[in-house]
Amino acid sequence: MENKNLLLAVVLSAAVLFGWQYFIAGPQMKAEQQKQHVLAKEKASQVKPVVSPTVKAQQIAAAVLPRGKALQSSGGRVMIYTPTVDGSLSLKGARFDDLQLRHYHETVDPKSPEVVLFSPQNTAFPYYAVYGWVAAPGDSVKLPDDNTVWTLTSGKVLAPNAPVTLTWDNGQGLVFTRHIAVDDQYMFTIRDTVANRGARAHTLYPFAYVARDGVPPETQHYWSLHEGFVGVAEGSLKDAKYSDFDKNEPPQNFQSTGGWLGITDKYWMAAVVPPQSEQFDGNYRGTPYRSTHAYQADYRLNARTVQPGQTLDLTQHLFAGAKVVSVVQGYEKNLNIAKFDYAIDWGWYSFFTRPIFWILDKSYSFLGNFGLAILFLTVLIRGSLFPLANAGFRQMTRMKKLQPEMERIKERNKDDRVAQQQEMMALYSREKVNPVSGCLPMVIQIPILFSLYKVFLVTIEMYHTPFFGWIKDLSAPDPTSWMNLFGLLPYNPHAYLPAYLGFLSIGAWPVLLGITQWVQTKMNPAPADPVQAQMFGYMPIIFTFMFASLPSGLVIYYTWSNFLTLLQQYFMMRKHGVEIHLFNNLKLPWLSKPKAAE
12 MENKNLLLAV VLSAAVLFGW QYFIAGPQMK AEQQKQHVLA KEKASQVKPV VSPTVKAQQI
72 AAAVLPRGKA LQSSGGRVMI YTPTVDGSLS LKGARFDDLQ LRHYHETVDP KSPEVVLFSP
132 QNTAFPYYAV YGWVAAPGDS VKLPDDNTVW TLTSGKVLAP NAPVTLTWDN GQGLVFTRHI
192 AVDDQYMFTI RDTVANRGAR AHTLYPFAYV ARDGVPPETQ HYWSLHEGFV GVAEGSLKDA
252 KYSDFDKNEP PQNFQSTGGW LGITDKYWMA AVVPPQSEQF DGNYRGTPYR STHAYQADYR
312 LNARTVQPGQ TLDLTQHLFA GAKVVSVVQG YEKNLNIAKF DYAIDWGWYS FFTRPIFWIL
372 DKSYSFLGNF GLAILFLTVL IRGSLFPLAN AGFRQMTRMK KLQPEMERIK ERNKDDRVAQ
432 QQEMMALYSR EKVNPVSGCL PMVIQIPILF SLYKVFLVTI EMYHTPFFGW IKDLSAPDPT
492 SWMNLFGLLP YNPHAYLPAY LGFLSIGAWP VLLGITQWVQ TKMNPAPADP VQAQMFGYMP
552 IIFTFMFASL PSGLVIYYTW SNFLTLLQQY FMMRKHGVEI HLFNNLKLPW LSKPKAAE
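Residues in the sequence shown are numbered from 12 upward in steps of one, following the working numbering.
Heads up, some of the hints might be wrong.
[Unchecked claim] Quick list of in silico lysine-lysine cross-link-like pairs, BS3-like style, CA-CA up to 30 Å: (1) K258 - K344; (2) K252 - K344; (3) K421 - K411; (4) K412 - K252; (5) K167 - K103.
To be clear, the hints were calculated from the coordinates, so they are not data collected in a lab.
Put together the whole structure using the sequences plus the hints.
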């Protein structure tokens, strides 16, 4: 039976280690490799070979400019200022191409630069949203395009309750008017009207798209985290990856009534939202751009004919900002945007991740600290598992009492494995013992642990959120490390090590985790099998390295869970009269040596 328990423990440990390698270490290494690949390409693109005057002129036109200089050179702008975003709208093309997120910074230092979402063309990584019209085939009417300079006719600064109005006259009888409003979060409302003052009718097709020219090196590439295209069409999630277009594959297209399309990062997203009652043709596409690819998520609505003397009217939306769960879900409810909270990558096991986040979020609103919310969640999980753990411990106690009889069965049938197994099963049945029930709480912990990791990875609510002491960001690894003498030296090793080597920088909380796990192994008598004893001895060390590069919130959860498990086990051992071997096992070798004979 000890061999069976050993085998089960090995299988569970292997599952955790495989999961860590598959979900975390492997993708981190791939992310680092892709980051270096992109940086190498960008560096190579800056080399200045001898070229013809024509090619040289094209290169100058496509030169990479600093963001500030690119904004200055792109014509007139309308400032955007809300409680959550700031930036500007380009009058040339009426393009959303300059947006920063006021509540989020590049580091935990509130004085560090704001996170940049949109950037104009000619910057290193342009990212923007465009709304416009295309004419019916054969109609040569002038329509606003990327080079059209709109006129600001009302409003000065785009802000909540302070919309702006842009107009453009094509000189052929069509007057285009665009009313743009923004709320106090991340939703823009674009209302277009087209007045036909000419003598003939025109058929127009409205379109909108989000485009990203190249992917920044800091973009993550975790297997467990989706970044790339995201949207809902045909009633289902459409989440193509950037890599789906690395070899110039054809566009992915679909038709839908209601839905939305966009491009998402880990925490931020830009998405165009058509009228939910209308049918649209949607596309995801990737095309070669510089040394990488440009990506575009777009839709086109059905034709609209504007007769002479008439005006057509269309209202669309643009989401550009942080994927705060309550905000995204609020837009889904209030604007009836189909499955808009699919913007958050809950994973296929959302039946675990959503409730876990809900408990964390509600606890945070009551306790005021996400770290305390994590501790409270741990108590709830351990409490819910207590009946199962208690039943498992009773089974383990009965198993210990049956050990002498099991040894006699082994000795009696040492040459007949079949008879040995039959007598063992009969003994379990007679004594009502389940030999694997003691491992059930450990099995249940595995999906909970991965679900917590997913929640910490994808929800922005813990981004740069502090706990107590040295933990300033629960979504990042513990910044202390033996490499900086546990915080005595003023630098964070995780900022210098490649992501896939982060496990080498072991912080204070991972050390505490290893200690609690080690103490757990000392609660029971040392296994008689030396291989089993050795395996249990190495597990705390392995887990310490595994958790070193994980979000500190997850490490805090597991450390606190270990501590509560120790209390539970101590209570149950006392209740069932089982000897507690902790203090004997903790004795130092030189203190437990037998006294020399006098």
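key: Restraint check for K252 with K344, where alpha carbons must lie at most 30 Å apart   = Status holds; Cα separation ~27 Å.
task = Measure nothing beyond the straight line between the CA atoms of K167 and K103; if it is 30 Å or shorter, mark the hint as holding.
result = Given pair K167, K103 holds - Cα atoms ~16 Å apart, limit 30 Å.
inquiry  = Checking one constraint from the list: CA of K421 to CA of K411, max 30 Å. Satisfied?
reply    = holds (15 Å)
message = Against the 30 Å threshold, does the CA-CA distance of K258 and K344 hold or violate the hint?
response = violated (39 Å)
task = Starting from K412, check that the Cα of K252 is at most 30 Å away, please.
result = violated (56 Å)
Violation of the numbered hints given earlier is confined to hints 1, 4; the remaining hints are satisfied by the structure.
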